[in-house]
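Note that the protein sequences, when read in sequence, are chains A and B.
Here the first sequence is numbered in the working numbering, starting from 11 and rising by one per residue.
Here the second sequence is numbered in the working numbering, starting from 11 and rising by one per residue.
Derived by calculation from the structure, the hints in this document are not laboratory data.
A quick note: this is a predicted structure, and the numbers were derived from the prediction, not measured.
Heads up, a few of these hints could be off.
Copies of the same chain look alike in the list, so a pair counts if it fits in one copy or across any two.
Below 27 angstroms or equal to it, Euclidean Cα-Cα: the simulated DSSO-like pairs (lysine-lysine) are [as the list claims (entries may be wrong)]:
1) Lys52 / Lys130
2) Lys130 / Lys93
3) Lys34 / Lys52
4) Lys93 / Lys26
5) Lys52 / Lys93
2 protein chains.
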Amino acid sequence: MTPEQSVVASAVHAWKLNLERADKLFSGLSEQQLLTEVAPGKNRLVYLWGHLIAVHDAMLPLLGLGPRRHAELDAAFLTGADKTVDELPSAAELNRLWNDVNGRLLAGFNDFTAADWAQKHSAVSDEEFAANPLRNRLAILLSRTAHVAYHHGQAVLAPR
Amino acid sequence: MTPEQSVVASAVHAWKLNLERADKLFSGLSEQQLLTEVAPGKNRLVYLWGHLIAVHDAMLPLLGLGPRRHAELDAAFLTGADKTVDELPSAAELNRLWNDVNGRLLAGFNDFTAADWAQKHSAVSDEEFAANPLRNRLAILLSRTAHVAYHHGQAVLAPR
């Protein structure tokens, strides 16, 4: 394994580890538990889970892995705050969407070389990328890895 | 910038970004605010901050950047739970330790090449590393980046 391969494989591994921790928490929750706020007056677990699915879904076009698959989640979980949309997907449906999106991402990651990760992501222009080569696909992966850890840290606080 | 340099610089950048977010929150808190629990019955802000400092301090020997500088923090913030030690450092002292440890780490990171990051960290044996080359220094950086994001996510929930 070259240093280049090692560092890239480590980043994908960190993504998987943090995803698995979140999966272990969210995928085991009942409909009732999903309605618990993580702290008084804060987001409910269902919102954090749906939010992570929507954010991960948006990684697909950002990383050149195809169009979004579940943009219908945005109103309830991304553009809107918690408790502003009444009809939310069931636990079973969230579980299905979560696995669908994360499975699609991981399949894409397995084909990426270090050169692929170092390419610009799709939300940055050629000029911006020339000025700042750190606006690459790996930066998206690392940012979303920290993002899932951030919300997982909140989710573990919910009374159970 | 080669792909190798780009991916490594992106990982260090992600560390810095997440550290800056935590810094912005913790370094502005008063002694009184530091005693707030992030959620009812959970860790206080002072504990999360001290915990991050202790964990970052332990990264120094793990990454071959020298001995620990503040192992005296462990009893209050790492091996013990919150509220088990009465005498805690002041906000000013925590701020000083936080900047000392993180500054020392960053100075070390600036000298690391991709080959340095791909080396084994100090808590893994040669045999274990041969079997799993992902137990490298970069894995420590990525793990601690997610760790600071995890606790930052909790810290933002504290009532203020």
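So, going through the hints one by one against the coordinates:
no.	hint	result
1	Lys52 / Lys130	neither (35 angstroms within a copy, 41 angstroms between copies)
2	Lys130 / Lys93	neither (36 angstroms within a copy, 47 angstroms between copies)
3	Lys34 / Lys52	both (21 angstroms within a copy, 21 angstroms between copies)
4	Lys93 / Lys26	neither (30 angstroms within a copy, 33 angstroms between copies)
5	Lys52 / Lys93	both (10 angstroms within a copy, 24 angstroms between copies)
Taken one by one, the earlier hints fail for this structure at numbers 1, 2, 4, listed in ascending order.
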